[in-house]
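Peer 1: Letter by letter, the chains look like this.
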Amino acid sequence: SQQGEEDPQALSIQEGENATMNCSYKTSINNLQWYRQNSGRGLVHLILIRSNEREKHSGRLRVTLDTSKKSSSLLITASRAADTASYFCATAWLEYGNKLVFGAGTILRVKS
Amino acid sequence: DAEITQSPRHKITETGRQVTLACHQTWNHNNMFWYRQDLGHGLRLIHYSYGVQDTNKGEVSDGYSVSRSNTEDLPLTLESAASSQTSVYFCASSLRTGSYNEQFFGPGTRLTVL
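From first to last, the protein sequence lines stand for chains U and A.
Counting from 1, position 99 in the first sequence corresponds to residue 99 in our numbering; the numbering is continuous, with no gaps.
Counting from 1, position 111 in the second sequence corresponds to residue 111 in our numbering; the numbering is continuous, with no gaps.
Derived from the structure by calculation, the hints contain no laboratory data.
Treat each hint with caution, since some may be false.
[As the list claims (entries may be wrong)] Think about it this way: if two alpha-carbon atoms lie no more than 20 Å apart in a straight line, the pair counts; the simulated DMTMM-like pairs of lysine to aspartate or glutamate are: (1) U:26 to A:59; (2) U:111 to A:54; (3) U:99 to A:14; (4) U:99 to A:79; (5) U:99 to U:83; (6) U:70 to U:55; (7) U:26 to U:53; (8) U:99 to A:54; (9) A:57 to A:38; (10) A:11 to A:38; (11) U:70 to U:15; (12) A:11 to A:79; (13) U:56 to A:102.
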């Protein structure tokens with residue numbers, strides 16, 4: 001499978017703490033995207049990082065990409081209860097026609 | 001505001017019946033996708049379309065079909081529903097072919113096949 005794999009599968013933290021989720025993948029990619037899914041809802045795009053980028057920020061989100069290790073991390077700083085959700089990485093590569101392949105996700109619970 | 005909608009939101013059907021799930025987007029996006037989401041598997045691509053009259057098979061297309069007669073709609077049909085097709089189905093769209101495009105997701109349809 002070319003699927004990205006997230007680690008950990010589940011994460012429980014206190015409000016105000018930072019949350020870090022990791023994603024590993026198997027083949028060279030064009031870009032990597034992170035999505036959030038609240039319970040019972042569809043996925044929402046958070047951030048896209050291109051293969052030639054190493055770090056990207058968006059508000060409280062920080063994404064890094066290490067193409068040599070075929071891995072990415074999503075850091076959510078100063079987490080809030082509203083950040084409770086599942087987070088998915090999705091990879092795109094040219095050989096797959098630029099479609100997205102999603103990992104199984106990390107379930108984040110932020111306790112208030 | 002532009003949006004992507006799915007109907008029905010919940011559906012219970014019996015094995016062997018034909019079922020059609022609707023997806024409608026008002027983004028005017030060329031690309032539309034159908035995924036299924038099961039515990040432990042993330043989202044898996046069923047079918048996708050890059051424009052009117054264009055349809056393509058994804059990773060798990062057996063037992064499913066789609067048709068694209070206009071830009072806005074991509075209905076997903078289960079020809080003869082099986083219990084293994086019990087899942088949550090998501091439709092998504094994106095603006096252009098090419099990987100630098102985020103996908104916009106509908107709210108999902110929870111399908112139960114008894």
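Peer 1: Each of the hints needs a verdict: does it hold here or not?
Peer 2: Here is what the structure says about each hint:
no.: 1; hint: U:26 to A:59; in the structure: holds, 17 Å
no.: 2; hint: U:111 to A:54; in the structure: violated, 46 Å
no.: 3; hint: U:99 to A:14; in the structure: violated, 32 Å
no.: 4; hint: U:99 to A:79; in the structure: violated, 25 Å
no.: 5; hint: U:99 to U:83; in the structure: violated, 27 Å
no.: 6; hint: U:70 to U:55; in the structure: holds, 14 Å
no.: 7; hint: U:26 to U:53; in the structure: holds, 18 Å
no.: 8; hint: U:99 to A:54; in the structure: holds, 15 Å
no.: 9; hint: A:57 to A:38; in the structure: holds, 19 Å
no.: 10; hint: A:11 to A:38; in the structure: holds, 16 Å
no.: 11; hint: U:70 to U:15; in the structure: violated, 30 Å
no.: 12; hint: A:11 to A:79; in the structure: holds, 15 Å
no.: 13; hint: U:56 to A:102; in the structure: holds, 16 Å
Of the numbered hints listed earlier, those contradicted by the structure are 2, 3, 4, 5, 11.
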